[in-house]
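Colleague: Given next are the chains, with one letter for each unit.
Protein chains: 2
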Amino acid sequence: MVPVTKPKGWVVLVLRLLALAATASATIVMGLNKETKTFVVATVGTTPIKATFSAKFQHTPAFVFFVIANGLVSFHNLVMISVNLFGKKLDYKGLRLAMIAIFDLLNTVLVSAGVNGAVYMAELGKYGNSHARWNKICDRFKTFCDHGGGAIIASFIGLALMIVISIISIVKLAKSKSNTPLLGEP
Amino acid sequence: MVPVTKPKGWVVLVLRLLALAATASATIVMGLNKETKTFVVATVGTTPIKATFSAKFQHTPAFVFFVIANGLVSFHNLVMISVNLFGKKLDYKGLRLAMIAIFDLLNTVLVSAGVNGAVYMAELGKYGNSHARWNKICDRFKTFCDHGGGAIIASFIGLALMIVISIISIVKLAKSKSNTPLLGEP
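As given, the protein sequences belong to chains C and D, one line each in that order. Letter 64 of the first sequence, counting from 1, is numbered 50 in this note's numbering, and no numbers are missing. Letter 25 of the second sequence, counting from 1, is numbered 11 in this note's numbering, and no numbers are missing.
None of these hints come from the bench; they were simulated from the model. There could be a bad hint or two in this list.
Note that identical chains are pooled: a pair holds if it fits in a single copy or bridges any two copies.
Said to hold, decoys possible - Calculated lysine to any residue pairs in the SDA-like style (CA-CA distance at most 20 Å, straight line): (1) K20 / R126; (2) K112 / K161; (3) K161 / L81; (4) K122 / H45; (5) K128 / V69; (6) K23 / R119; (7) K36 / L3; (8) K122 / Q44; (9) K161 / M85; (10) K20 / A10; (11) K23 / G73; (12) K128 / V30; (13) K36 / A118; (14) K112 / L92; (15) K20 / N115; (16) K42 / A118; (17) K112 / P47.
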């Protein structure tokens, strides 16, 4: 199925599709993450007083940035896949490979920032921090935490794939020196 | 002072020195960040009961990773500066520029992860999060927060410099195709 002469071109395309799937699902799962629960906060006589609380991703700045960062990286991979499939004629003074490597670099840095900001907040929500007297909240908002954790794992997979893609982009640029199409760039 | 034929070689060296200064000071300031304070926690009769609390960077996993990430990136820039100054003969099948670009990429991703994990924790310490009932602690541990904030600003400067250095490394690799020493790589 994979042509022998152009192995790496297909590899990168598949890696980009996987990275797109990972960051896009991270964006969607975190972006829809909301849990509403009703707790008994007091009892007057025998009447329980209830209050409804919501856990939303918008309440935590790190999660908002997580959604933005993963969304932008998804968009980047979508554009790169489109260019790879439909825009093979686009090139300006041989800058194409260098531009791809630079855009990959910037997006890898972005997803790294997004996921690491979120993961330490998630850790705090799960375990709390006794020194700062910040209590864990995952015992009360389990679904919220499960969804957030899933989004973070997906984003870490996206980060790992983006690092591999960025390294391949740099290697491709280096190989293009000798004009051998070893890495399958058309 | 700067030779006309090799302008960018010196630029990168200066950028690396600045990045090294930024990430090294971030590492040291955060690594030494500790504040101990004594508070009155109760009063028995007229005798105040005091307790001593410490705010240390080790109490927050994000700050520990911040110190490790900035330390590693400082080490990377130190090695790169040394190689640039003393190791000009080191090359293996022309892989030197590609390896530099890849190492720069990995370290930029690392410092991005470190600083963004820490900045959202710092934001939480400064403003708290009323939704999760996490109270701010910077009103009580002002020096700790000031030092942490300084370290984070230094690390953001280091991140910006590392992004510029990584882009230059990729451009250098692209330019080396035509064998013109435009970017001053010896």
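Colleague: Now look at each hint and say whether the structure bears it out.
Modeller: Hint check:
1. Within a single copy, K20 and R126 get their C-alpha atoms as close as 13 Å, which meets the 20 Å cut-off; across copies the closest is 32 Å, which misses it.
2. Proximity of K112 to K161 under the C-alpha cut-off of 20 Å is found in neither arrangement, the shortest distances being 46 Å within a copy and 49 Å between copies.
3. Taking the shortest alpha-carbon separations for K161 and L81, both the intra-copy value of 14 Å and the inter-copy value of 10 Å come in at or below 20 Å.
4. Taking CA atoms no more than 20 Å apart as the test, K122 paired with H45 passes in both settings, with 15 Å inside one copy and 15 Å between copies.
5. Taking identical chains as interchangeable, the C-alpha atoms of K128 and V69 are never at most 20 Å apart, the minima being 41 Å within one chain and 51 Å between chains.
6. Taking the closest pair of Cα atoms, K23 and R119 come within 20 Å of each other only across two copies (16 Å); inside a single copy the shortest separation is 23 Å, beyond that limit.
7. Taking CA atoms no more than 20 Å apart as the test, K36 paired with L3 passes in neither setting, with 47 Å inside one copy and 59 Å between copies.
8. In this homomeric assembly, K122 and Q44 come within 20 Å of each other (Cα to Cα) both inside a single copy, at 18 Å, and across copies, at 19 Å.
9. In the homo-oligomer, the alpha carbons of K161 and M85 lie at most 20 Å apart both inside one protomer (15 Å) and across protomers (12 Å), since each shortest distance falls under that limit.
10. For the homomeric pair K20 and A10, the shortest alpha-carbon distance inside one copy (18 Å) is at most 20 Å, but the shortest distance between copies (40 Å) is not.
11. In this assembly of identical chains, K23 and G73 lie within 20 Å of each other by CA distance neither inside one copy nor across copies; the values are 49 Å within and 63 Å between.
12. For a Cα distance limit of 20 Å, the shortest separation of K128 from V30 qualifies neither inside one copy, at 28 Å, nor across copies, at 41 Å.
13. With identical chains, the CA atoms of K36 and A118 are at most 20 Å apart between copies only, with a shortest distance of 18 Å across copies and 28 Å within one.
14. Within a single copy, K112 and L92 get their C-alpha atoms no closer than 31 Å, and across copies no closer than 29 Å, so neither meets the 20 Å cut-off.
15. Taking the shortest alpha-carbon separations for K20 and N115, only the inter-copy value of 16 Å comes in at or below 20 Å, while the best intra-copy value is 23 Å.
16. Taking CA atoms no more than 20 Å apart as the test, K42 paired with A118 passes between copies only; the shortest distance there is 10 Å, against 22 Å inside one copy.
17. In the homo-oligomer, the alpha carbons of K112 and P47 lie at most 20 Å apart both inside one protomer (17 Å) and across protomers (13 Å), since each shortest distance falls under that limit.
Checked against the numbered hints above, the structure violates hints 2, 5, 7, 11, 12, 14; every other hint is satisfied.
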